[in-house]
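Colleague: The listed protein sequences correspond, in order, to chains R and Z.
Here the first sequence stands for residues 1156 to 1404, where the numbers follow this note's numbering.
Here the second sequence stands for residues 729 to 990, where the numbers follow this note's numbering.
The hints are simulated quantities; they were obtained by calculation from the structure and are not laboratory data.
You may find that some hints are simply not true.
[What the hints assert, rightly or not] Just a few of them, taken from the derived set where beta-carbon distance is under 8 angstroms, the chain R residues facing chain Z: (1) 1264; (2) 1266; (3) 1276; (4) 1295; (5) 1364; (6) 1368; (7) 1379; (8) 1382.
[Stated by the list, open to error] Okay, derived cross-link-like pairs now, DSSO-like style, lysine-lysine, Cα gap no bigger than 27 angstroms in a straight line: (9) Z:973 <-> R:1195; (10) R:1195 <-> R:1219; (11) R:1386 <-> Z:973; (12) R:1386 <-> R:1398; (13) R:1386 <-> R:1219.
[Unchecked claim] Now the stretches of chain Z that chain R is said to cover, found in silico as 3 or more residues with beta-carbon under 8 angstroms: (14) 741–749; (15) 901–908; (16) 920–932.
The beta-carbon is built from N, C-alpha and C at its ideal position, and this holds for glycine as well.
Okay, here's what each chain looks like letter by letter:
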Amino acid sequence: MDNSLLVSLSHQLASYRAMDVIANNIANASTPGFKREAAKFEEYVTMMRPAEGQTGLQAVSFVKDAGVMRDTGQGNIEQTGATYDVAIAGPGYFAVQTPTGLRYTRDGHFSLDNNGNLVTSQGLQVQGDGGAITITPNDGEISIAPDGTISSVVNGIGNQLAKLKVVEFPSPSTLVKQGANLYSTTQTPTTSTNVNLRQGALEASNVQPVIEISHMIEVMRAYEATASLSKSQEDLMRQAIDKLGQMPS
Amino acid sequence: MRALSIASTGMLAQQTNVEVIANNLANMNTTGFKQQRAEFADLLYQNIQTPGSQTSDQGTYAPNGIQLGAGVRTASVYRVTTQGDLKSTGNPYDVAIQGAGFFRVQQADGTDAYTRSGNFSLSPQGQLVTQDGLVIQPGIAIPQNTIGVTINAQGQVNATVAGSTTAQTVGQLELTRFPNEGGLNAIGNNLYLETPGSGSPQAGVPGSTGYGTIQQGFLETSNVNSVDEITALITAQRAYEMNSKVVSAADQMLQAAARLGS
Chain R
1156 MDNSLLVSLS
1166 HQLASYRAMD
1176 VIANNIANAS
1186 TPGFKREAAK
1196 FEEYVTMMRP
1206 AEGQTGLQAV
1216 SFVKDAGVMR
1226 DTGQGNIEQT
1236 GATYDVAIAG
1246 PGYFAVQTPT
1256 GLRYTRDGHF
1266 SLDNNGNLVT
1276 SQGLQVQGDG
1286 GAITITPNDG
1296 EISIAPDGTI
1306 SSVVNGIGNQ
1316 LAKLKVVEFP
1326 SPSTLVKQGA
1336 NLYSTTQTPT
1346 TSTNVNLRQG
1356 ALEASNVQPV
1366 IEISHMIEVM
1376 RAYEATASLS
1386 KSQEDLMRQA
1396 IDKLGQMPS
Chain Z
729 MRALSIASTG
739 MLAQQTNVEV
749 IANNLANMNT
759 TGFKQQRAEF
769 ADLLYQNIQT
779 PGSQTSDQGT
789 YAPNGIQLGA
799 GVRTASVYRV
809 TTQGDLKSTG
819 NPYDVAIQGA
829 GFFRVQQADG
839 TDAYTRSGNF
849 SLSPQGQLVT
859 QDGLVIQPGI
869 AIPQNTIGVT
879 INAQGQVNAT
889 VAGSTTAQTV
899 GQLELTRFPN
909 EGGLNAIGNN
919 LYLETPGSGS
929 PQAGVPGSTG
939 YGTIQQGFLE
949 TSNVNSVDEI
959 TALITAQRAY
969 EMNSKVVSAA
979 DQMLQAAARL
989 GS
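Produce the entire structure from the sequences given, and follow the hints as far as they go.
Modeller: Here is the structure:
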């Protein structure tokens, strides 16, 4: 079999993958705490037998998925005005308790559940320094300090209620995405010492639409170019069969 | 090709976003209305290669892995329960809550509903009712021949009857609060119902710890900020357009694939 068709095919499959990643970025352009991703490819070199006039094995390169790289850069901080919306400026993740263990998120849209526990929009309990954080209506106006301290003032007396737990990891890019804005990991989290939180705001996704759209056009054009290459390879083969198949009369 | 379905989840999400914004703008002048926001979350990922998986027996690890997303979904549409501005109306039966709490009203079927819309009126029987005729709980009856009604910050309703110089106390407004106001079920007509998510109602006197105070002659406006909403609308519209661009790009790629065999 002619390798050129297979090389084109490997590029076309890679383009599909790249397109899927771009589509997911654009679809999540409004997802709080979402981090954009980019598909990375690498060369896969194999040896083929020499063509006529060549000596020795010839190298041929296919395209292969190397990974999907996550850009963990900071997203914009968008004001929402909601009391329990918290954005992380800088590194770090909130810890939330799920039935299958601790998960981590940068989506700081929290609310209270029927027992007054601070929960995510899936109802998962947000972890403070001492486990779940409970806020009762008697606590009045809640303020969340940049270091995560949750406090309130009742009748002129301030009291500290809890402190949001913000953790960091040695290798943030290997956190596994779980969907629902959650990450899981086997790494041991360390509590952040230099936390910078903003109350009443959410971290927007760091997807930059202009960049995504230009990547998309790039991928689409490269795909079309490869498709026309495959087409000409196919024509070449068809012609060869036609010509060679003509029996001398 | 996944890009087609991923982009369609993005379009659906932005559609929800625009609907929420449209409802906020439509209710800009609704008394006691609370602004809503749509929140999104990414869908499940397909792990082709899990990040951090071992790539050799020498202890090298993939720093990134290959995780393919499937798009986006609406995680919640939540209410921002901040205080709205108070607007002076001069009507003695208009009351605004400054702070936390809801008025409790009895619906036609006898069950309780809650509202922050304090534009009350009197029923033919002299009872304090909402604009839909639902009776405020506990019931407050204003005597006939009343020439003046005052409601103080603690919710005490005093009426002065013609021929009398002193006001008499005719009732006490109560406020109800919930552990989680965001969990209340909005049923329209400015009414909310208790749900398992909101927690049980706790009644109290206005002005006591954790409860708001009452302002007579004022109404609480909606907390919708038109500039914010219009900005959000533009962002949502652009995001929708971009997702539709992805659909057409994916379509072109599939067309190119289909032309191969011709």
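Colleague: Is it true that the CA of residue 1386 of chain R sits at most 27 angstroms from the CA of residue 973 of chain Z?
Modeller: holds (26 angstroms)
Colleague: For the hint on residue 1295 of chain R, does the least C-beta distance to chain Z fall short of 8 angstroms?
Modeller: With Cβ-Cβ at 6 angstroms, under 8 angstroms, it holds.
Colleague: Verify this for me: three or more residues of the stretch 920–932 of chain Z with a beta carbon less than 8 angstroms from a beta carbon of chain R.
Modeller: holds (count 6)
Colleague: Under the criterion that the straight-line Cα-Cα distance not exceed 27 angstroms, is the pair residue 1195 of chain R, residue 1219 of chain R satisfied?
Modeller: Given pair residue 1195 of chain R, residue 1219 of chain R holds - Cα atoms ~9 angstroms apart, limit 27 angstroms.
Colleague: Go through the hint on residue 1382 of chain R and say holds or violated, using the shortest Cβ distance to chain Z against 8 angstroms.
Modeller: Nearest chain Z Cβ about 4 angstroms off; hint holds.
Colleague: Is the coverage entry for the stretch 901–908 of chain Z by chain R consistent with the three-residue Cβ rule at 8 angstroms?
Modeller: holds (count 4)
Colleague: Would the stated hint for residue 1368 of chain R survive a check requiring a Cβ distance to chain Z of less than 8 angstroms?
Modeller: Nearest chain Z Cβ about 6 angstroms off; hint holds.
Colleague: Given the hinted pair residue 973 of chain Z and residue 1195 of chain R, is their Cα-Cα distance within 27 angstroms?
Modeller: holds (22 angstroms)
Colleague: How about residue 1264 of chain R: closest beta carbon in chain Z under 8 angstroms, or not?
Modeller: holds (5 angstroms)
Colleague: Are residue 1386 of chain R and residue 1219 of chain R close enough, with their CA atoms no more than 27 angstroms apart?
Modeller: holds (22 angstroms)
Colleague: Under the criterion of a CB-CB separation shorter than 8 angstroms, is residue 1379 of chain R in contact with chain Z as hinted?
Modeller: holds (5 angstroms)
Colleague: With a cut-off of 27 angstroms on the C-alpha distance, tell me whether residue 1386 of chain R and residue 1398 of chain R pass.
Modeller: OK: residue 1386 of chain R and residue 1398 of chain R at ~18 angstroms, within 27 angstroms.
No hint from the list above goes unmet by this structure.
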